[in-house]
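Residue numbers (our numbering), protein chains in the order written: chain A, 1 to 299; chain B, 1 to 324.
Any given hint might turn out to be false.
Cβ-to-Cβ under 8 Å is the rule here; a few derived chain B residues that face chain A [stated by the list, open to error]:
| # | residue |
| --- | --- |
| 1 | Q33 |
| 2 | P36 |
| 3 | A181 |
Simulated from the structure, these hints should not be mistaken for lab results. The structure presented is a predicted model; accordingly, all values stated were derived computationally and were not measured. From the three backbone atoms N, C-alpha and C, an ideal C-beta is built for every residue, glycine too.
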Amino acid sequence: MDYGTALAAYSALLDDLRGVRWTPRRRVPGGPTGAHVSTRRGSGAEFTEYRAYRQGDDPRQLDWKLLARTDRAYVRLAEEQAILPTMLVVDASASMAYPVPGLAKWAQACRLAVGLAAVAHGSGDPVGAVAGIASGPLTVSPRTRRGIIGDIASTLASVAPEGTPPLTTAMTAARALLARAGRLVVVSDFLANRPADESALIATGGELVRAGGECVAVHVVAREELDPPWSQALVADPEQPALRRPLSGATRAAYVARFSAWRDELSRGWRAVGATYALIATDEMSARAVRRITTGLAG
Amino acid sequence: MTLLAPLYLAVALAAAVGAVILHFIVTRQPPSQPLPTARFVPEGDAAVPTMARRPDDPLLLLLRVCLLLVIGAAFARPVLRPARVPVYRIVAVDSGSISAALVGALRTAAWMRDHADSLELSIVSPLTTGAFDAATDSIRTLWPGAIQLVRAAAPRTDSAPTPAVVHWPADGHAPGTVARAVPDTVGAVVAAGVAVVAPFERRWRLDRTEGRVIARWVDGEPAAVQQGCERDVAVAVPTAGDVVLRLEYLRFEHAMRAPCGGTGTLAADASAIDALRGHGPVRVAAHAVRSDAVPPVPLLPWLLGVAFLLAVAEIVVRRRGATL
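Produce the entire structure from the sequences given, and follow the hints as far as they go.
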């Protein structure tokens, strides 16, 4: 599927998100000139303040007119602006292929990924994506060119969520594509088959935050998971076929309580390392969810 | 057919209903649904009891229901009885002893209590003094209701009979008898047209040659003679067995004790007749009559046999279903 056709599926979403900007939560590290305020100060176009000349400063930064009038050497300081490379990691495990039919979780994850990529790209940032699939991470390198959103959309359209690929592999690949620090967005249901995987994800996000970057955990949850529609059913985990449990009136309350407690614990884990955590249900408007995430009002 | 213990059949019926319900209750796994968050559902038994629209094994259910019902029917002790009539009337004709007539009527009533709802007893008798004896009152108490008395003929009251003097060998060495050198046994004695068949021990022999022979042993030897109004009896009263309770013996004894000339035609007094008639309704419920006979249960072995066959068939069908 070419990116034009793939983008057509998201045209309404992209229209809704036109003009939305994704401001970093803090100054971005220095880098190529972009739209975000950098931690560096120097020769930017926007003057901020004077500072007494110190040996070693670039003489070109001296304010010669001020030196001529007052016989004091000052250098002009200006805000530098830089880009914030953004990588989206999309979980494509079997648990995302839910509910059947419709695959609302996967569809919502793709819409969120494309929407967030479009918003980041609109801010002038290079964006890329990594889909964690069973055969290995499927990567779209971060770019600022116009067609990158279509590339991401077509890449996600070519993916069928299945198997139990470890999300840590995709996240590590995405982290490697962010040169030093950047923005890493993980779109997943975080239903890892091993508790160590969940811890590794949070640890990777924490390492990025400590390096000056940003990490956003977007937790996609199906409405059927929050409120199972069956009064009596034998539920099976699509990633662990042997795991079959009876869901009935007696066990429903315990299920809801356990699931809620796990979400709270997951949220605390991400936030403890400085990441942003957002819980998005499948029935939430994607554009609204993207705004919630980009404005920092998520969760 | 009557059930002697119908409660067992009711219990078996209830058990059969329970078996039917149990056959419709099946433990099935509910439909499997994918749920990625299934790990948060507590572990438990996945099988859920549900009501099936039809039983899994109708043949097995049929066998079990039949088995329970047959066992219940067997324990209910069904008996086959003839049709019961509303009223069964017993007419006893006194042939010299009201006690004998009462005994015969009681025997008939005991046999007929299972064939009728109620019983009536009528005694046809001349109601003379000779017809009553010491056992009459005791036997009368065995009949729970009143007795309808029908006087057969008016007793003669013009000539009073003379009581006879009877010499029984049991009184000791009766006059007119001599002890036999070797006692023997004879099978019967006949008197007044009544034959009493029993193993009589014959220890005396009549010594009197004159007089009228009123009783003879079965071999023709005189057993009792009467001269005037005095009688010599060589028949020893049996002390073992129920010979003395038989109607024939009572008649024999009555003939030996009958007065001379009048033969007991003196009318009994009114109090004895009233006591015999009794009080209360003539029609009595059949079950009020005492009966020591245990009703037969002819269907019990057949039903148990059928139950055994059904149990074997149930095992075969169950094992065959398990192997399939």
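Hints not upheld, ascending by number: 3
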